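> These are the residues of each chain, in order.
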Amino acid sequence: MLRRLLNDFRWGVIPVPGRLLAIIFFVFLFIFPLIVQGSYYVRIFTFASIFAIFAASWDLLSGYSGQANFGHALFFGVASYGSALLYKYLGWTPAVTIPIGALAGTLAGVITCIPALRLRGPYLSLLTMAFPLMLLGLIFAFKNVTGGEYGISGLPRLADSVSKEYYICLLVMTVSVLIMWKLTDAGSKYVRTGLILHAIREDEIAARATGINTVRYKILAFAVGGLFAGIAGALYAHVIRVAGPSSLAILMSFQAIIWVVFGGIVSIYGAVVGVYTLYPLVELLRKTPISQYRLLILPVIVILILLFMPEGIAVWIRDKIERECPRCKLTNAAWRRECRACSASLR
Amino acid sequence: MIERIIIGTLVTGGVYALLASGFSLIFGMAHIINLAQTAFYMLAAYGMYLFTQQIGLGVIESIVITIVATTLLGILCYRLLINRIRQHLVAVLLITIALALLFEQLMLLFYGAHYLSTPYLIGGFTEILGVRVLNQHLLTLGIVAVVIIVVWLLLSKTKLGIAIRATAQDAEVANLMGISVPRTLLLTMGIATALAAVAGIAVAPLWTIYPYMWTSPLMMVMVIVILGGLGNIKGSFIGAFIIALVEVLVVSLLPSGSFLKMVFAMLVMVIVLVVRPGGLFGIVFEEERL
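First to last, the sequence lines map onto chains A and B. Quick note, the first sequence lines up with residues 350 to 696 if you use the working numbering. Quick note, the second sequence lines up with residues 21 to 310 if you use the working numbering.
Hints listed in this document are in silico derivations from the structure and should not be mistaken for laboratory results. Since this is a predicted model, take the numbers as computed values, not measurements. For every residue, glycine included, the Cβ atom is placed at its ideal position computed from N, Cα and C. Careful: at least some of the hints might be erroneous.
What the hints assert, rightly or not - Sample of chain A residues at the chain B side, in silico, Cβ under 8 Å: (1) Ala417; (2) Pro464; (3) Leu468; (4) Ser474; (5) Leu475; (6) Phe489; (7) Ile528; (8) Leu645; (9) Pro659; (10) Ile662.
What the hints assert, rightly or not - Chain B regions said to be covered by chain A (calculated; three or more residues, Cβ under 8 Å): (11) 98-107; (12) 110-123; (13) 238-247; (14) 287-294.
Next comes chain A alone, as it looks inside the complex (with noise of 0.2 Å):
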């Protein structure tokens, strides 16, 4: 078993400059609360994380299924409020209300099907757009339950230290992550949903008739978009302590959209790089002189990243540091001259 893993890292990882570089970005992320001292940048990096998981749980949905949901944020505030309300109104802990919330979201996706599922293209996103909004309507009308614009605060920490929590986080993001990877691996031996959403984004009626149920694996991918965009939200009500109307603004949803389409659409790492260069580069802004400037430099990238870069930013690195043997399709680092198994010029 090691030995098998050691065979795998010496032959599979290290040749391929794409994921040894994910691997020492890992490595990185999991020392990085002992190298840097200060727990503002540590919790910068939490958010981070949290992030990734909400931003690949949209590029799962909407990036691979072709179902582009502008109402991402329904799923994470649901999770958010989910969790706060168990809490204000029953007392548990976060180890209980995060899996519940999780829940919610993901009923929440299921519940979006029902009108979704009939609708495709701006329609599809025009009407998922809606419903976070609608909620945000009912949350201020019903101010006593759920605190109105000022939400329910006071939840409980999700452990007594930051440097534990940023752990708590990175780990669920880790699995989380891998979770959505296998299951939309398109070249995989042992799940099929990657190929099938893939299947569904390019030709819905093709799909169909080769025989897939396309309504199940479209439920699925709603349901599993919202389950991780639920433990994104409840993590970060419990994280900063408060489930408030911005987890359902419409800015939330298209932060999603923005870091995907940032790190590259279509490719669960590129929605984790999106986030981890986007959202620190934007905190960080807040402590330079420029800081009013902040909010937009946002719009800014967006804009030239979608004119000059429109694969994204992982994907355009990727390009330029791999290249495809021509004749067995091997993933090769791009300054190799043949193929490391075939030896094809790569040239």
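Got chain A; can you put chain B on it based on the hints?
Same frame as chain A, now just chain B:
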């Protein structure tokens, strides 16, 4: 009460009709969902504030300069940004929302998050059937009515209108008939932005001006165009007044109605989408539903 509801519906509906018809026009032409439509409306309202209050120009000059500047900005945004990626739905949605956020943040930088207002263009009130109506409301209604009629005539009688409708029906065949499709698209974008600018000017004296004023009308406009059928101008006009009536009724009759108006409008949209996905007057395209 009743007269306030009627006037409120007419004014709100007129403003929504201007915004929604521009939104619908550009969607019908090129399948561009322009989420920045109401951001141009916000910019025009700020333009009125800038020219009348800060620079101190006359009303007529301010209106002309605001409309021209907003339209040019819209055309510029279309030419430089939207046109290059208009094949990709998600990219267009993203770039237009990014533009809207950019404008919002710029206004926030220049003016801060204060509530501004311009004074009424004309004061006083007129008595109609024993009801006192502010002259400003009448002026706004007049502007809206004139603009709607002008757009109607433009689309149905002029050569440009025929070109726009032809391109909306089938861009390729329109191109074969000698219509320059890119130029028509550019002009349509200009008309849509000009409509938003007129709406912004019409509400500048009535409603408060603040950087986030574009979000709530944007949601309403989306509800309206779906209710009327995406890309259908007549549907947008009628949908605008229906939604305005719903909004005014909810706000004036229900407790905490200003929070619930969005819920009711969205409920209308969801019901329409589920029951009749093409909208009241829309044509259902086979490729757009399952």
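> Would the stated hint for Ser474 of chain A survive a check requiring a Cβ distance to chain B of less than 8 Å?
Cβ of Ser474 of chain A sits 6 Å from chain B, so the hint holds.
> Under the criterion of a CB-CB separation shorter than 8 Å, is Ile528 of chain A in contact with chain B as hinted?
Not OK, violated: Ile528 of chain A not within 8 Å of chain B, min 25 Å.
> Taking the least C-beta to C-beta distance, is Leu468 of chain A closer than 8 Å to chain B?
holds, 6 Å
> Three residues minimum, CB to CB under 8 Å: does the segment 110-123 of chain B make the cut for coverage by chain A? Let me know.
holds (count 10)
> Check, residue by residue, whether the segment 287-294 of chain B contains three or more positions whose beta-carbon lies closer than 8 Å to a beta-carbon of chain A, and give the verdict.
n = 5 at 8 Å, threshold three: holds.
> Using Cβ atoms only, decide whether Pro659 of chain A comes closer than 8 Å to chain B, and label the hint accordingly.
holds, 7 Å
> Could you check if Leu645 of chain A really has its C-beta closer than 8 Å to a C-beta on chain B?
Because about 4 Å separates Leu645 of chain A from the closest Cβ in chain B, which is inside the 8 Å limit, the hint holds.
> Does the nearest C-beta of chain B fall within a distance shorter than 8 Å of the C-beta of Ile662 of chain A?
At 15 Å from the nearest chain B Cβ, Ile662 of chain A fails the 8 Å test, so the hint is violated.
> Quick check on the hint: Leu475 of chain A CB to chain B CB, less than 8 Å?
holds, 5 Å
> Quick one, is the Phe489 of chain A hint okay against chain B at 8 Å, beta carbons?
holds, 4 Å
> Residue count check for the segment 98-107 of chain B against chain A: does it reach three with CB-CB under 8 Å?
holds (count 3)
> Do three or more residues from the segment 238-247 of chain B put their C-beta atoms closer than 8 Å to C-beta atoms of chain A?
holds (count 4)
Violation of the numbered hints given earlier is confined to hints 7 and 10; the remaining hints are satisfied by the structure.
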